[in-house]
Amino acid sequence: MTGVSPVTVDPFVCGRTLTSSDRTRVPDVRGGDLADVGTAPRLMALAALRELRERADGRPPGEDVFAEAAELFATATLEGESPQDYAAHVAHATGLTAAAIEQAVADLVAELRELPETTAAELPRTGFGQGFDTRWVPRGRVFAAVMASNHPVPNVTWAQALFHGYSVAVKPGSRDPFSARRLMRALLAAGLPAHKVAFLPASHQTGEFLLREADRGIVYGGDSAVRRWQGQESVAVRGPGRTKAFVDVEPDDAVIDHLAVSASFDGGTRCTNLSAVLTTRPVGEVAERLARRLAELPSVPATERGATLLVADRERAERIRGQLDAVREGLVDHSARIDGSGPVVELADGSFLLRPVVLAADRADHPAVGVELPFPFVVVAPWTEADGVAPLRDSLVLNLLTARAELAEAVIREPSVRKVTRGTVLPWTAVPGIPHDDNYTQFLLEPKGVVVSGAGATAA
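The C-terminal position of the sequence shown is numbered 440 in our numbering, with every residue numbered one higher than the one before it.
Bear in mind the hints are in silico, worked out from the structure with no lab data behind them.
If you're wondering where the values come from, they're calculated on a predicted model, not measured in any experiment.
Just so it is clear, CB atoms sit at the ideal spot from N, CA and C, and this is done for glycine as well.
Treat the hints loosely; a few may be bogus.
[Stated by the list, open to error] Simulated restraints, written as ranges between beta carbons of each label pair:
{"id": "1", "residue 1": "R384", "residue 2": "D16", "range": "54 to 60 Å"}
{"id": "2", "residue 1": "D418", "residue 2": "E51", "range": "25 to 31 Å"}
{"id": "3", "residue 1": "D87", "residue 2": "Q422", "range": "33 to 39 Å"}
{"id": "4", "residue 1": "T114", "residue 2": "Q212", "range": "23 to 29 Å"}
Whenever a hint applies, use it, and build me the whole structure from the sequences.
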């Protein structure tokens, strides 16, 4: 990327852009630097939280703010950044394809517009006769979001906190500060009061500080983030998805196509992308057919139409290659036997494409079952009745391709399985009110009884 000046990204707090002497760079997947980012040191983050808290009132903005922001996010030029500029920034920073970003914008817009419907679906009725009511109100005043960079759509989670009346501090993903910045700009342009938000690119340590000091928060991250925050009642933790499929039917073309899309959609970057298949059918056959289907995906730069696979800069690609080498030791690599180009392919534009990998394990409890990597990566393993529910646990989504009613009921009741799909249903399929990972609206809100004068009295 020679001859192109990096994009400048700075913190802004309650409507004011702040200059930070602490700077970091966002690498371009094609080489060089894409952005020069001012990061908020702890003192700046502390001052931002204090200002947010001092001015927080718990009052939600009007629903029209979010509908207008959705339109602006998708179509407007916001502080000099057009929708095309935004898409290019995200593609060159994260390696997401043009099609994935286009879909992400559409999904984000839809989820913003559906916030009233989502809220209604996730809360019980509140009227209990004349004079008796329940009001759902924020569990605090200040919300902190520590975001990842794998996909733009999770930014809706902190917008949802704003929708319910929180004041919000956002630490954007280190590789994608653009999505949170654009969404915040769209909300402000739509009429969100400036004192409601702070945009704070920051270190991992400062992100943890924000979560500790806020009343409620959400964190996206790997296993270390899960270990650090799981059990902390005020923090919603979104870790690796470890989405699985249980294949107990004939693996015909329709089933293999379904598994391939589940694994490769958006380049395999979603937490709901398939990463393991447990099957009663011959493991080698299922793995071989899935590997052949995924090998058909083209090796082209992310910005080209028809691109489906993630790209990365050289350093990240080599790091992922190292992780893959450690995982596949001792397993049968069906992709390597079919696709001679290998898992990492250097492209003409200087980026490195991450090719799909399908491995076969010899037992359901193999440590590789449940490993999640940020590209189409699937481990296929055998399942027998003796294995039971155990290898299906710890799944954000479990896709059941089986007629076993008792097993289906068992996994629905299994606490570590967060969502169950049956048949050739893609893992991310949902409508407002279907939980993604618990009831997020009730994480943000708590019920408060309201009884007005003249209501029928009940002794308690």
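For each hint, the structure was consulted:
Evaluation of the 54 to 60 Å hint for R384 and D16 yields a pass: the beta carbon distance comes to about 55 Å. In this structure, D418 and E51 meet the distance hint of 25 to 31 Å, their C-beta atoms being roughly 30 Å apart. Under the hint 33 to 39 Å, the C-beta atoms of D87 and Q422, about 23 Å apart, miss the expected range. Checked against the hint of 23 to 29 Å, the pair T114 and Q212 passes, with Cβ atoms roughly 26 Å apart.
Hint violations for this structure: number 3 only, all remaining hints satisfied.
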